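Student: Residues per chain, in single letters:
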Amino acid sequence: MARYLLLRLADAIPTVLLVLTLVFIAMRILPGDPAIAALGDMATPEQLEIFRERMGLNAPLWLQYINFVWGMLTLDFGTSLMNNQSVLRLIAYNLPYTIELTIVAMIMGVGVGIPLGVLAATHRNKAADNAVRGFSLLGYAVPDFYLGALLLITFSLNMGLFPINGGGEGFLDRMHHVFLPALTLALVKAAFIGRLTRTSLLEVFGKDYIRTARAKGAREPRVIYRHGLRNALLPLTTGIGLSTLATLSGSVAIELVFNRPGIGKLLISAISERDYAVIQGGVVIFSLFVVLINLLMDLVYIVVDPRIRVQ
Amino acid sequence: MTVPLLKVDNLAVEFGPKSHPIRVVDGVSFEIPPGGAVGIVGESGSGKSITSLSILRLISEPPGRIVQGRIEFNGVNLLDLPRSKMPDIRGRDIAMIFQEPMSSLNPVMKIGDQIGEAIMLHEDMSGEVRRRRVIEMLGLVGIPDPAGRLDSYPHQFSGGMRQRVMIAMALACNPKLLIADEPTTALDVTIQAQVLDLIHKLRRTLNTAVLLISHDLGVIADVCERVVVMYAGRVVEEADVRSIFRAPQHPYTRGLLQSIPRLDDDRDRLYQIPGSVPLAGSVKKGCPFYERCSLRIDKCAEEMPPMFSFGTDQRAACWVTARQADAQAKEATLS
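For the record, the sequence lines run as chains A and B. Here my numbering is used: position 36 in the first sequence is 36, and no number is missing along the way. Here my numbering is used: position 151 in the second sequence is 151, and no number is missing along the way.
No lab work stands behind these hints, which were simulated from the structure alone. Any given hint could be a false lead.
[Stated by the list, open to error] Partial pick of chain A residues on the chain B-facing surface, computed with a CB cut under 10 Å:
hint, residue
1, 174
2, 212
3, 226
Predicted model, so just to flag it, every value in this text is computed and none were measured. Just so you know, even glycine gets a beta-carbon here, dropped at the ideal spot from N, CA and C.
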């Protein structure tokens, strides 16, 4: 098991390096001179030169690469071109909002999705199943930013039940602020996870060990939850992991719609203002999160599947 | 005569939509005395597994349904019981083991917990007592170091060991009847012999009645006293093991016996019954074995033969052999 963990960790290292390399390359192959792009057409040659020197753009490429990777690994993301704040500070301020949004959305999505999936699977081809399938279809079809806008207009603007923008202060206020954006993401999530739960459960229900459980004299709830759902968790774990990644990227649009702080919002404004250092830092942080969530999923696999544990 | 422990009477099972039902088990009857051992033998698709699953009402409905007959266990017709009562019978009075030991155990549950669950579902005992009982059961079925294997998962066991675990689980509540559906088919020959020995031994020590389902007459002869031969969803012959081997009366049983390879035989090709089992529900009238039968007469195509008695303890559904036996009997009385 420790071996498995170490292997997973070792797997993550080249992934992180690859991500950093891709970000490095992406930033270098952007059309035009980054100095001009950053400072604009009106900048004087002296200003451009100072900028290049400051950004280390005059060094040979391999040195730039090493400096870049080293900087990223030591969490030295540089300073924002717009307001001279440290990028790390900007990220540290915004990141908790994104994490909060993702976690609350996942809890809501999984909390609603799994029961819906169980309901659908145990009432296969009956009214409940059809209703869940209809809901799933709707969840797949409606874009989250549109759903977010609808919820915002209905519950915040018209009914005044929720704040219109911002992230909130203190736990309760923050939960109040995060509810609608999380609900938006969660509805899409619940549709996906509900559907996945239904499929995985139905597959598990056809297995021999389910028949064994019934032959032992286990009653249906026990068969469904202890034997069925417990085994359906294996494919579900993968789905929930992928879905968490989707939530993370979905948060970009949602943070814009609800005008709340977060990495997504930070990235969007950095892109529109060509704030290279912030874009770089934001993309790296986002990528690290993807790697981290994958790692986390591997850990969950160990808990869920004993076959991995002892190998 | 003793009251049978299990009496299956005129059982019929259908699959598919009610408008076009396919009858996969038709008019099956047999009995098992307390502590007795009965085997059902037949090819794939003969309806033997469906028959065994029907006893515990484990066929999935839909698409399957039991459309007629009685399944009396200790005098109570199980088909009259509300569905919610069945879990009380399963595992406690009648236990079942299956063909696929590799997939019949829950892969994410510890062995000890799976056997313990079978006990917990039916008997009220403390965790410690239950644990000791699980260890005892594992020891009984010949798992070495039973206490040390409680926390193992099924994937850490070989096929033969898993089948032993299945047997331990099935016998944990001391059921009166054990239904074993092809318990050795997926195992190596040596392991097969061990598992059959085990069933044999446990039968004697615990006085559990056994219903053994197999396509292998040899396996059945090892364990059972009586044999029910099924073909295309019907019982075609029923007799004690000795008579089945000495004087099989149905041409299908004869064919089955002839297909068993023998050591003292130097044929190049093994015997096979020509043709194949008819598709379920495709035989509308006459004997289902008609197409493949070497003894057939015109009557066989027209009328399904009933079960004729041969001697006191043997019955078979064949027009031709019944006539022959009749003629022989008459000759015997004349001379």
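Student: For the restraint on residue 212/A, tell me whether the closest CB of chain B is nearer than 10 Å.
Tutor: 5 Å, holds
Student: Is the hint on residue 174/A kept, meaning its closest Cβ partner in chain B is under 10 Å away?
Tutor: Violated, about 37 Å.
Student: Would the stated hint for residue 226/A survive a check requiring a Cβ distance to chain B of less than 10 Å?
Tutor: Since chain B brings a Cβ to about 8 Å from residue 226/A, closer than 10 Å, the hint holds.
When held up to the earlier numbered hints, the structure conflicts with hint 1 and nothing else.
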